[in-house]
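Asks: Reassemble the complex: the two chains are provided individually, in unrelated frames, and hints are given to aid placement.
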Amino acid sequence: MEPDIQTLFTIAGIGIIVGMIHSVLRMIGREDWANWMTLIGFVIVLYMVVNFIQNLFQHIQRVFHFF
Amino acid sequence: MRSVTIMQVVGVGLTATALALLVREERPLFAYFITLVATMIIFISVLSNVQKIIELIINLSQRAHVNALFTATILKIVAVAYIADFAAQISRDAGETSIAGKIELAGKVMILMMAIPILEAMIETVLALIPV
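These protein sequence lines are chains A and B, in that order.
Numbers given in my numbering equal positions in the first sequence, counted from 1, plus 596.
Numbers given in my numbering equal positions in the second sequence, counted from 1, plus 110.
Just chain B, with the same shape it has in the complex (with noise of 0.2 angstroms):
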């Protein structure tokens, strides 16, 4: 899949704008799917550098042996952050500041669920040092 250049994004973003207001005031339900495909557009575009980016970070973490478990655990919280940053922003775009919030919330308390095997081993690693 060919890579994105940032000239095709603003010309995305700009054109969606355009179209959002345009269908803004006669079906401003319509407006919120425009602005709604077209962040989904830029997203699914930038989507395949980040898949670059993060096979360097998994190569690095195994040279490093560090514990697959963590990185598995920490690309899922960036996934997660992602997703929820992305519908509350939609949300909020579209008046809805209270399911955004909710939304922000639940991706917080999923993220947290996530990091507990992570918080486990420390603590484990730590009493292990303390001589007891």
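Looking at chain A on its own, in the form it has when it is part of the complex (with noise of 0.2 angstroms):
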């Protein structure tokens, strides 16, 4: 499997366009819609890392003969 940076910057991205959409929000007032924001972001990016988890185990149990 090619260890591929791509994710690595993708979650960067969301994590700094979710921090700056939530000073934002915050600035205007709109307090919940700014946790909502984060929440989602959070959830985002917990899917795309759950999907490299797998990955990588199913990656050593190849390698160590493991199931």
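Simulated from the structure, these hints should not be mistaken for lab results.
Note that the coordinates shown come from a computational prediction; the quantities given were computed from them, not determined experimentally.
The beta-carbon is built from N, C-alpha and C at its ideal position, and this holds for glycine as well.
Mixed in with the good hints, there may be bad ones.
What follows is a set of in silico ranges between Cβ atoms, one per label pair, in the way DEER data are often shown [as the list claims (entries may be wrong)]:
no. : chain 1 : residue 1 : chain 2 : residue 2 : range
1   : A       : THR606    : B       : GLN172    : 41 to 47 angstroms
2   : B       : PHE196    : A       : ILE601    : 16 to 22 angstroms
3   : A       : GLU627    : B       : LYS162    : 50 to 56 angstroms
4   : A       : GLN650    : B       : LEU222    : 25 to 31 angstroms
5   : A       : TYR643    : B       : LEU124    : 25 to 31 angstroms
6   : A       : GLN650    : B       : ARG173    : 33 to 39 angstroms
7   : A       : ILE613    : B       : GLU165    : 40 to 46 angstroms
Replies: This is the structure in structure tokens:
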């Protein structure tokens, strides 16, 4: 499996964007919206990371004849 | 799969650290994810080399007529140690030392569980040596 660096930069991008959206929404005064946006960002990144972890563990099982 | 040079690993590591620091001020949560993904990337890129080493070990053990069960168990123990250490380090890095300790405890217990057949085999051989 090619260790792709792309997910690393995507996660960093999402983190920065969610951070900015959070502070902008807080300035406008919509505190609840800000929290919702952070939650959505968290769910997206968690989904990507879980896929990555599954990939890693399958790889480990194949290498160590673990199954 | 092409083998990964040390320069690539260092490149990934340093950029990931920079990204993690960048994101840590605003959303420390995403910094955790970045360190997680970075360690996994480096881990996967090293795995291809580990695979060659393991094939060498298996060949040597077959040639030495070592019981296949032993080498398989040893490889599994190494895999469990790898994964447990990987997860414990990351949770300790995120500040959750208690979770890290519990992960390591689980890893040790599982390794002990896997070592039981080997211990039994060893005890039987020792008993067989002793003239009863």
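Asks: Take the hints in turn and mark each one as holding or not.
Replies: Do the hints match the structure? See the list:
1. Take THR606(A) and GLN172(B): their Cβ atoms lie about 44 angstroms apart, and the range 41 to 47 angstroms holds.
2. Between PHE196(B) and ILE601(A) the beta carbon distance is about 19 angstroms. The supplied range of 16 to 22 angstroms therefore holds.
3. At roughly 55 angstroms, the beta carbons of GLU627(A) and LYS162(B) sit within the given window of 50 to 56 angstroms.
4. A hinted range of 25 to 31 angstroms holds for the C-beta pair GLN650(A) and LEU222(B), which are about 27 angstroms apart.
5. Evaluation of the 25 to 31 angstroms hint for TYR643(A) and LEU124(B) yields a pass: the beta carbon distance comes to about 27 angstroms.
6. The hint said 33 to 39 angstroms for the Cβ distance between GLN650(A) and ARG173(B), and at roughly 36 angstroms that hint holds.
7. Distance hint for ILE613(A) and GLU165(B): a CB-CB separation of about 44 angstroms, consistent with the stated range 40 to 46 angstroms.
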